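Student: Read in UniProt numbering, the sequence shown has 45 at position 45, and its numbers run on one by one without any break.
Derived from the structure by calculation, the hints contain no laboratory data. Hints should not be assumed to be uniformly reliable.
Label pairs and their computed distance ranges (CB to CB) [claimed, not checked]: (1) I70 x D35: 31 to 37 angstroms; (2) K67 x Q27: 17 to 23 angstroms; (3) H41 x N14: 32 to 38 angstroms; (4) R78 x I16: 16 to 22 angstroms.
With a straight-line cut-off of 20 angstroms between C-alpha atoms, the simulated SDA-like cross-links for lysine to any residue are [to be verified]: (5) K50 x G36; (6) K50 x P34; (7) K24 x S58; (8) K67 x P34; (9) K7 x D35; (10) K7 x R78; (11) K24 x Y66; (12) K50 x P60; (13) K7 x C48; (14) K50 x R8; (15) K67 x Y10; (16) K50 x C25; (17) K7 x R18; (18) K24 x K67.
Values in this document were obtained by computation on a predicted structure and should not be read as measured data. Ideal Cβ placement from N, Cα and C applies to all residues, glycine included.
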Amino acid sequence: MSKTSEKRHYHEVNGIERVEYPCKCGQGFYRYDPDGERSTHNQLPHRCTKCNEQVFFSIPYPALRYKGRIFVDWETVRGLG
1 MSKTSEKRHY HEVNGIERVE YPCKCGQGFY RYDPDGERST HNQLPHRCTK
51 CNEQVFFSIP YPALRYKGRI FVDWETVRGL G
């Protein structure tokens, strides 16, 4: 089951939802880019999986939502070190 809130997409799996942020190109989703430089506001760089557009968010996507709270997914930030 999927539902949309704001621009984020939520995909439920066993009570945990994967939170995706779609690109405005309409074909891809933003993914955290561990090799990109942080913005001057210390936000994290992301790139679209389709058009490669770069944007910045305060949390790394994709993320996880459980019981109404959004959490960072370890698999997303593994290369953050």
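Student: Hints broken by the structure, by number, lowest first?
Tutor: Failing hints, ascending: 1, 2, 8, 9, 10, 11, 18.
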